[in-house]
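Asks: Please arrange chain E on chain W, whose structure you already have, making use of the hints.
Residue numbers (the numbering used here), protein chains in the order written: chain W, 1 to 444; chain E, 1001 to 1174.
Take every hint as true, because none was put in to throw you off.
Computed footprint of chain W on chain E; a stretch qualifies when at least three of its residues, placed anywhere within it, have a C-beta under 8 Å from a C-beta of chain W:
(1) 1050-1060
(2) 1068-1081
(3) 1089-1102
(4) 1155-1164
(5) 1168-1174
Example chain E residues on the side facing chain W (calculated, C-beta under 10 Å, incomplete):
(6) Pro1063
(7) Gln1064
(8) Arg1065
(9) Leu1084
(10) Ala1128
(11) Ala1130
If you are wondering where the hints come from, they were derived from the structure by calculation, not from laboratory data.
A quick note: this is a predicted structure, and the numbers were derived from the prediction, not measured.
C-beta atoms are modelled at their ideal positions from N, C-alpha and C, and glycine is treated no differently.
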Amino acid sequence: MELSRLVIDDVEAGSFRVHRSALTSPEILELERTNIFARTWLYVGHDSEVPNQGDYCRRVVADRPLFMIRGRDGEIRVFINSCLHRGALVCRQDKGSANSFVCFYHGWAYDNCGKLVGVPDPEGYTEDFSKSGRALMEPAHVDSYRGMYFVNFATETPSLFEFLGDARELIDLTMDSAEILGGWQVIRGTAKYNIHANWKLLLENSADNYHFHTTHKTFADYSAERRRQAGLGHPRVNNIDDSRGLVFKNGHVAMVTRAEGRTIASPSPLWSPEAIAEVARLRDELAGRYGAERGQSMADFSRFLMVFPNLAVHDTQSGFKLRQWWPIAPDKMEVTQWELVPRRERDDLAAYRLSGAVAFQGPGGFGTPDDIEALESCQIGYRAHELEWSDVSRGMRREARSDDELTARGFWRQWHAMIQGRAGADRVADLRSPHGTRRPPSAQ
Amino acid sequence: MTATQALATPATRENLLLRLAVEHFLFEEAAHLDNWRLDEWLALFTEDGRYVVPTTDLPTGDPQRDVMFIDDDPARLRGRVTRLKSRFAHREYPWSRTRRLITNVRLTRIAAQEIDVEASFAVYRARAEAIAPYVGIYRYTLVRQRDNTFRIRHRRAELDLERLTDHGAVSIIL
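With the rest of the complex left out, here is chain W:
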């Protein structure tokens, strides 16, 4: 299959098809490694994970072992976790705090700014072997936006700021909203799980409203039952009319939906009167600080943003989650999900937040297991390669709704351009949504 034929994007005809070899082929995965993951910005971690000097956390990014650390000078750096000598891992725990790292193999020692500070028996080296100037290697580019650190292994790249583009607006709404409570911090308890499916299927799934009522019927039923017990009417979850699908340059996509149950700041009627009053106060504070329109956008809408190629930034009624995933085979991915909470949320709201954070999303929630089943089910279906194409055309000829597949197309267009060695897609959206950015009520 020619690369140019992997995605058929015929806007005039309202037809969008993806060849299933894109989801099964080892050769395609190799191309993704060289043409996408080695050439774009990739999320590493959040600054709240390394609050103090010496704090570090390990990550695997595009198969490469890395660690992020705050040095004794207060700077956050990202290093390739490999000794300059023979390559052993110098950082050997997933998280912790350290002044220095001594490679256990031959004893080369580095300080927490990465500098090589000690080599056993240095007389064994020539005179021009100088310790000074040698340091743990850093990726070609490291940059951060609103506390989120990214790396890029390519020497030539647009800045992170430019790469995120208009998607920054959604990140800003979320980040600004918690400023009144001291900002966001990653809390303990990380969901690490594998899905036996191609990594791009989770991308399609993560900003898709079309599957909610079928795949997640049990969660909708459970929510309705909880409300019925409390004497309340039908929930307004996933109100299509109040939702939008969005696509941005560089392959970022988002779904924005009006939602209840956001501690910042749209209460669930199931909460206590005191909690609801506190949320009302927070709403007022947001409106006072950011203006009525912007404050309302922060409060009332859940934002399911996908930063290309593999980071979900989900500020929703299920909490604020960062979720990232990596292909480890054409039919297998590794997922890691972190939860963020405001530093100073009142105890009762913090409890509602934490409880809601695991009710739907996550390996033990009432939603995620069924998403996993759907993705793995698709992957098994692809074994019948006589059936060559998947259809991603829903809503292509109308102004996009959140339960249309505009978001999946936005991703696929960028993917298809990059897999062919191009920097980006010529077109990000469909005919009726020329920029795909009909401004949602949440992104004024």
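Replies: Below, chain E without anything else, positioned relative to chain W:
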């Protein structure tokens, strides 16, 4: 201090009999779960009973402040059972086959009304032509009833796995 005194509970005849009664209870509970008798299983809990599964990276996690895989109060626990019985919990429809191996049962606190119990487990789950275990430790707080039986006030399954590599989720009751 002698070795015997260092044990959580000395091996008195009374303690050993109590442990047998606890083991009997745990094995009966496992039989309910292995046979998907979820309503019978739910009836083993007290009115305020909770069920908790911490994440793999933080087995000591505290549901008050850390993210868990599962943090079920009584209402959500009932919801979980309803969901699993509904035929629309797609990860578990059709139901997987499970086999619970429970061993190293220890009574770590014996009080008049309550007993704390630890037990090692391997829960095998077979589905879609693959079988793999969840391995870990149970921590229970049991409320003593008459006739040497018990109700579950707190049930916690801590996993030794570093990542949910095989199963992807905790879609069954562990």
